[in-house]
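The task is simple: from the sequences and hints, build the whole structure.
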Amino acid sequence: MKKIRLLLFLLIGLVIIQACVKTADFNFSKLTKPVYDGEWAAPLISSNITLKDILKNQNGLIQSDAQGNLIVTYSLKNLFSQTAEETIRIPNQHLIQSTNFLTPALGTGATYNYSFTPDIPLTGATVNQQLDSIYVKSGSLRIQISTNFNKTTALNLKITSLIHRTTHQLVTIPQMTLTPSAPGNFVDIDISDCILIMKTINNTKNNIHFDLGMTLQGNTNPTLSNYTLNLDTQFTNLKFSALYGKLGNFTMNLSNSLDIGIFNNSIGGAFQFAPGAINLKLNIDNSFGMPVQLNVKNFTSHSDAATPHDIAINLFGPTIPNIINLDVPTVFGENKTTTVLTTNSNIQDALNTSPDKIYFNADATTNPLNNGSLNFVSDQSKINVNMDVLMKLYGSITNFAIQDTLIFNYKNLDQLENMTFRVNTTNGFPLAVKLQLYFTDDSYRILDTMFPEPLDYIIKPASIGSSPDYKVTSPTEYQFPDIIYDQTRIGKIKTAQKIILKASMNTINNSIVKIYETNYIDIKLSLKTKLKVN
Amino acid sequence: MKSSYFSSIAVLIIAMSLVSTHLKAQNERSLYYMRQIPQASYANPAFTPEFKFYLSIPGASSVSAAYNNNGFKYNDVVTRRADDSLVIDQHKLLNALGASNDLGIRVNEELFALGFKAGKSYISLSLSTKAIFNFHYTKDFMSLLINGNAQFIGKSVDLSETKANGIAYGEAALGFARQINSRLSVGARLKYLYGAAAIETQNSKLSFSTDQKTFALTAISDIQVNMAQPTNDKNKVDMNTLFSNPGMAFDLGFSYALTKRFSINASLLDIGSITWKKKVTNYISTKPNSSFTFNGVEINDLFNKKQTSDSTFNHLLDTINSKFSIKEGHKSFKTRLAQKFIIGACYKLDTNTLAGVVIRNEFFAGTYNPSLTLSINHSFGRIFSGMISYSYIDKNFLNIGTGFALNLGPLQIYGVVDNVIAAMQITRSQTVNAQVGLNFVLGYTRKHKRSKIPYIPRIPPSPLEDDLKPALTP
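These protein sequence lines map, in sequence, to chains A and B.
To convert, count from 1 in the first sequence and add 2; that's my numbering.
To convert, count from 1 in the second sequence and add 3; that's my numbering.
Partner residues aside, some chain A positions facing chain B, computed with beta carbon under 8 Å: (1) K32; (2) W42; (3) I47; (4) S528.
30 Å max Cα-Cα, derived DSS-like pairs, lysine-lysine: (5) K120/B with K55/B; (6) K462/A with K216/B; (7) K532/A with K166/B; (8) K280/B with K330/B; (9) K532/A with K76/B; (10) K494/A with K35/A; (11) K95/B with K532/A; (12) K283/A with K299/A; (13) K95/B with K534/A.
Hints are computed from structural coordinates only; laboratory data are not their basis.
Cβ atoms here follow ideal geometry from the backbone N, Cα and C, with glycine treated the same way.
If you want it as structure tokens, here you go:
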């Protein structure tokens, strides 16, 4: 009986347990993916920005004056001309002089001496170039003799115009020997570190004097009625370390452009600099030992956004050409600097168009007056132009607009139910800013505009004191109304690839302000978003 | 460092679960007076099994598991809809939570056990793996995770109570029980421990607030979390360092017969600790109680044209991590085991029936879990014995337990649960535990007599039993 009760007890227990556990409650193959829908709020951006921070990635040098007023300097540094070596090129030379002479009968044992002393003119870099001397940096000279001699002959050559640079001794030329079977010969001379001295003889410029002595030895060959000798002189790859003489006219071009980074992203509006806010300084170095004139043929500012796009910059006033006669070194190796500080230029007008570039194109011409003065140059003589544009941030701004494009590749937007952006600013700049963000696809087709239009100021200007300092008296705190992205708006920007950021700025009542190094803006961008993550 | 911290915790929990491949837990409540089962002596080392010899071997030994969760039930999280599909309902879960909540898991696997009687003494040996994990959290903490911080804009949330503590270890135990006289039995068990993995939240002061105007996040933290994780550089379990942290512990117990039928008994279990030396990582606040505010990243960093959204997000995380300033260290630390203090009393209703009461107190990582169990044990002959119990466990009054031991020759099969209702209504249960096992037993020491003479079982040892027998024998 007890066993039956036991079995019943067990059986009932098992049935109860089995009945109460519903397998459907644990059929996890039918578990749907849970959706996480938490709502999170977090700060995204917190930046305390000065103008130095904003401009740190552009090419201008940011400094401040004694009062702390910011100055941005854009510099065109080391715009070099060609060097004298590149400009004045002495061509390879192939100069031939001949002589004929008679000798008495030259039987065996007899000798005959003869001298040939020609002045051979060197061809200069230009037709009119009259050289006094060439300090040869490198080059070679080949002396080649060809004759109809049937006598053995010893040749001794001296070039009295060719001396060693350091010892000032004549360059020694090896003796040449001619034989009846080899009536020609040559010798190669390395003339590096030598000085070639030239003379003008009977209005023939650049003469080099040769002194060729020869001794003919008699033999059993018959004595000819006329002996002929050709002296063939070849200068090859002649490079100078210095040139002296009347070096003539040469023209060198100097061309470049200067980026004005602060206006690189400008797309319109006016940035009017106050009088005296802009300075232009040109420093031109000259190491040519001769008069040089710099003719700035093209000196313009260019703005894509403003019209006219190009403004010609006149350094010395309207209608006066931009011609600068450079100071000339008086001692070899000297460098003279010519400084041009404009007082009558229209550089301010040019910069008021917010140009992103200034173009500079000039020709430097040597001996512009052809006055025949004596010149000198080293191989490295050159012109070097340095230009500084100094912009004191002092003026008024009217709807000055900049634009930039940012990459937008946030791919998980479909996991957001909504987004609320909040912008808090504390502005210590005397500028008010309107901002618009355009979400676009790859083809820049606008999918959504972030801020409601017409645009209101997202950043309100700080209050400033009176002239002449225009200093900020109190920063302005402002919280822009929350920007809400619901499902519809999030759907629009899901496929966005880029954000075009447009900002336009104004000074208070378009009046003049000064930007100081202490001016700052504190921007805080925050996001509250409800998620819907599977 | 922060992400490393969370991933380390995840790996650690996985490592803990690997230690015990089968869920099991020591059941010191309902099992306490089931003296036919040798493993009952684990609840009180003074208890001697009713067999002269027993053996448990790997693959056929005792396994147990316990799960307690006073925060929510299964059907608070998983809801079955009309079409039988299941859905996880986070908000229902949140509504179910109390202000403070605990989630605990205890698992235990006996790899080998051996016991034999030697005169008036009983000697036992055992080898087992154990794991205990407890997660204490507040409703605010879960609310922050589930609903986000938008609900707390302009407010501060105190998350200081959030703590995770757990240890997984191996245990080699040598037990000794002796009947001192006809009334008193005592026992002790010495344990050598091999720590495998641990997480200890030594300090978890943390408050979190969101600024109403800018949503700036401010946290005040003083955190120290110690971990030992037997993992290699690739976050895989490293078998070379598994069980390489030493520790010692002991159990003590006694049983005393006050009258013929009434006995009292008590035990202290798992008094000891493990020193964690290998693969230790400590995460410590470098500036305790300092306030860290995250206001956002620099505008140039967020809108850098060369950066992708991923790198921007990573940069954001790095910035947050650096703000919260948690240092990583590698100093050894010590954790105590889950120490238990059990007191009980039993009354023999007749020869085959024993009524008992057990008060079990567990202390682990600063938490105290008391329970009270009332049980009736009855032998249905020599082959089968059963048990029914009622327990108050972890603020839950509805725990009806049951258990059995079935002796088929030398093979003993047994099973015990503290909460059979949980098994019947698993979706509504917050406490579930079970212990099942198989022993080879020899030498049954209690002679079962088919008579009307009240049988007084030797559990606890009854000093007066022998005296009673002659008088009551017909």
